[in-house]
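Spelled out from the first residue to the last, the chains are:
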Amino acid sequence: MYSIISTEELVPRVRVYRISAPRIAKKAAAGQFVILRVDDNGERIPLTIADWDVVEGSVSVVFMEVGTTTTKLSRLKAGDTISDIVGPLGNATEIDNFGTVCLMAGGFATATIMPIARAMKAAGNRVITIVGARNKDLLFWRERLSAVSDELIITTDDGSAGRKGVVTEPIKEMLERGERIDRVIAIGPSIMMKFSALTTKPFGIKTIVSMNPIMIDGTGMCGCCRVSVAGQTRFACVDGPEFDAHAIDWDNFMARQRSYIEEEKRSLEICRCPSG
Amino acid sequence: MAKAKIDLNRVAMPKQEAGARRQNFSEVATGYTAEDAKREASRCIECKARNCVAGCPVAIDIPEFISAVKTGDFTAADEIIKRTNALPGICGRVCPQESQCEAVCTLAKKKAPVAIGRLERFVADWEPGYRLKGSTGAKAPKSCKKVAVIGSGPSGLTCAAELARLGHSVTIFESLHVAGGVLMYGIPEFRLPKTIVQTEINFVRSLGVEIVLNAVAGKTFTIDELFKDGFQAVFLGTGAGLPLFLNIENENAPGVYSANEFLSRVNLMKAYHFPEFDTPLKVGKEVAVVGGGNVAMDAARSAVRLGARVTVVYRRGREEMPARLEEVENAEEEGINFLFLTNPISFQVNDQKWVSGMTCQKMSLGDPDASGRRRPVPVGGSEFTLPCDMAIVALGTRPNPLIARSAPGLAFASAGTVIADESTGLTRKAGVWAGGDIVTGSATVISAMGAGKAAARDIDRYLASL
Ligand SMILES: Cc1cc2nc3c(=O)[nH]c(=O)nc-3n(C[C@H](O)[C@H](O)[C@H](O)COP(=O)(O)OP(=O)(O)OC[C@H]3O[C@@H](n4cnc5c(N)ncnc54)[C@H](O)[C@@H]3O)c2cc1C
Ligand SMILES: Cc1cc2nc3c(=O)[nH]c(=O)nc-3n(C[C@H](O)[C@H](O)[C@H](O)COP(=O)(O)OP(=O)(O)OC[C@H]3O[C@@H](n4cnc5c(N)ncnc54)[C@H](O)[C@@H]3O)c2cc1C
Ligand code: SF4
Ligand code: SF4
Ligand code: FES
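First to last, the sequence lines map onto chains D and G. Count the first sequence with full-length UniProt numbering and you get residues 1 to 276, in order. Count the second sequence with full-length UniProt numbering and you get residues 1 to 466, in order.
Hint data in this document are derived by calculation from the structure and do not stem from the laboratory. Cβ coordinates follow ideal geometry from the N, Cα and C atoms, glycine included. Careful: at least some of the hints might be erroneous.
Computed, partial: chain G to chain D, Cβ under 7 Å [said to hold, decoys possible]:
id: 1; residue: 243
id: 2; residue: 254
id: 3; residue: 261
id: 4; residue: 278
id: 5; residue: 279
id: 6; residue: 398
id: 7; residue: 401
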């Protein structure tokens, strides 16, 4: 059993939890994830490590309430426990002094990108961070992100904060202006990552995405997390989760992610209304 | 003196009828009664040669335990078995006895070997739970030496149990949320009930072995860190879990599963109880299973129980199938279709991109290959498409790359397996032993256990020399 040290709602349906996991905290690096199970009947779900504290022996995860497991998790309070948490899994983000790095985040990935921004900044890069959200009420950690970015650009679908439009527009303009960008890392919903890849491809800029397939074990045993990269089958849990965005078969990936939509809906209805 | 007449009639194993068992995940073979067991035991002639013992990789005192069964002293039989084998309920069920102990039983010459596996299972089930009386083999005094075992499959459990009995303090590190390895995530409930596995693992715990779950070697910790933390020897029993694929068109389409994913969802995550358990599983109406080994049989038979019509596609003939004959016969009884001499060449998908068919090619058998089996060669113009809404690929597995990437000093063969001494399990890295599937590639429960035991003996010698 692993105890939850604190919980906080960042914006509606997005929460940050600090969970006691000293062994994981000791090893965590930017870009890695954990797999957790809320209870004994529970599913194993992957969540990116958004922060960690070696002294306290804790890791933080930021998650969006979308289905059964994340709903169950949302109901827990500080002091409650979860059955299992394992990690850190996956390869760490490649951190180096690339020059100018552009980080793009959509949705809950604002949290995921934090440790990467921090590490890229510490490695001496000029860090441009672009965060996209539907509206201003869904934005969080703006101060924290600006502290580790040379430039922070916000886009919202409705223009209620930052500039109106999608997250790919600012980078497209920068590239068209001939601004130099040495590396792009895009994290968020698949569709956002796919369009980020399409945006940078004509400019030939190395673009990394963090893939979020359905997973079970996270150690290379089930093959559930496979992704087609440059025509090769790769396992996101042991070969990724970060891959070259321009080499991914996005249509196949998105089809795989939808594998259980009907079952997930059914499970969630029961979870929301346990008696019925 | 006239020789006693040898009884050549093996007592049959009672089992659920095919029609009934297609509907449930309960055990197919229901086990001997006490009467059955005594009757079968009385067939053992307790021959001087004791061939059977040499055929068992963990060298159970077979004639002695069978003798105790004859007299109805099942508790004594249990103690005799557990002296050398901590996992008898598991071995009695899944050992390929026909090619181990029973193959060399003196009565095998008359085609009626004593049903050693069934008797072993009977005894293990008779004494359910683990007894903490310490009567199961004398335990050596505490040595104050610490050993880390990585992986809680049969090799790791056996190595740990043996070392604990020799007085050492042993910790198992396991990456999953339950211990047992393939016994928990791979082999289905209807062949090996999970409560049996956990009971026997609790017996290993009762010997003083600590099991740390959710701990991944190469991620949560490295082997070198274990030495820094005061462990004096390390045993690697992490198996060969990484599934192989065909590398053909549309193989990553949703609906195409590896056998490991399908079986993990079913066994480990109990998806057959969805939505009571949270992990979903989509089971097709028409399921194609690719492969001819035990894993393919387990996947096919699980899919039948989830309501599918199942076709197994295998590139060689029935005789060449590596699966145990008993399991092939069970599968046939359960209504599974077999297409032999057939090999998939691509998958078809529908407009949802979900798998909708598997295009295959007929094969014929050519000259024998390195393994001595005749090599299948494609028959030109024989392509046809098998419609299916789910496909399960069961082509074998290899070790996952986590250990290789994090343990400098270990040497690996081209198949990703760890190079280790055949008789002791000692690797090229000082203080590190390995055994089971990580060394041999996918093999058997009992060979993994034999390797765990041999390594424990060598580790014990090494610790004494420190
Ligand atoms: C390496 C990795 C890191 C991740 N990091 C985070 C994170 O930091 N924060 C976070 O909120 N989520 C993250 N995810 C996604 C997260 O694992 C899923 O949201 C979670 O499994 C949903 O579980 P559920 O039972 O609540 O919902 P389900 O009932 O399983 O699904 C509900 C809905 O979510 C969608 N969904 C399911 N699985 C995924 C997935 N893997 N990716 C995207 N959508 C999915 C389904 O299509 C469905 O519409 C990550 C996934 C991976 C593989
Ligand atoms: C579906 C199926 C059916 C089978 N049927 C039979 C049968 O009927 N009879 C038979 O004799 N054999 C059978 N086998 C083969 C048999 O199960 C294996 O040969 C045996 O389990 C190997 O044991 P092991 O201890 O080497 O590894 P495993 O049982 O694979 O155990 C390895 C353990 O190590 C853990 N691990 C892996 N990597 C790490 C890491 N980095 N850190 C920590 N832990 C890690 C894994 O999670 C796992 O728990 C079957 C196999 C399968 C898949
Ligand atoms: S453990 Fe396996 S090989 Fe040994 S006696 Fe039992 S069934 Fe036979
Ligand atoms: S070889 Fe067969 S007959 Fe002889 S002791 Fe062993 S089980 Fe009995
Ligand atoms: S999650 Fe199972 S292999 Fe990657």
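Hints versus structure:
1. 243: It holds, given that the least Cβ distance between residue 243(G) and chain D is near 4 Å, below 7 Å.
2. 254: holds, 4 Å
3. 261: It holds, given that the least Cβ distance between residue 261(G) and chain D is near 4 Å, below 7 Å.
4. 278: This interface hint holds because 4 Å falls under the 7 Å limit.
5. 279: The hint holds - residue 279(G) has a Cβ within 7 Å of chain D, the shortest such distance being about 5 Å.
6. 398: violated, 10 Å
7. 401: holds, 6 Å
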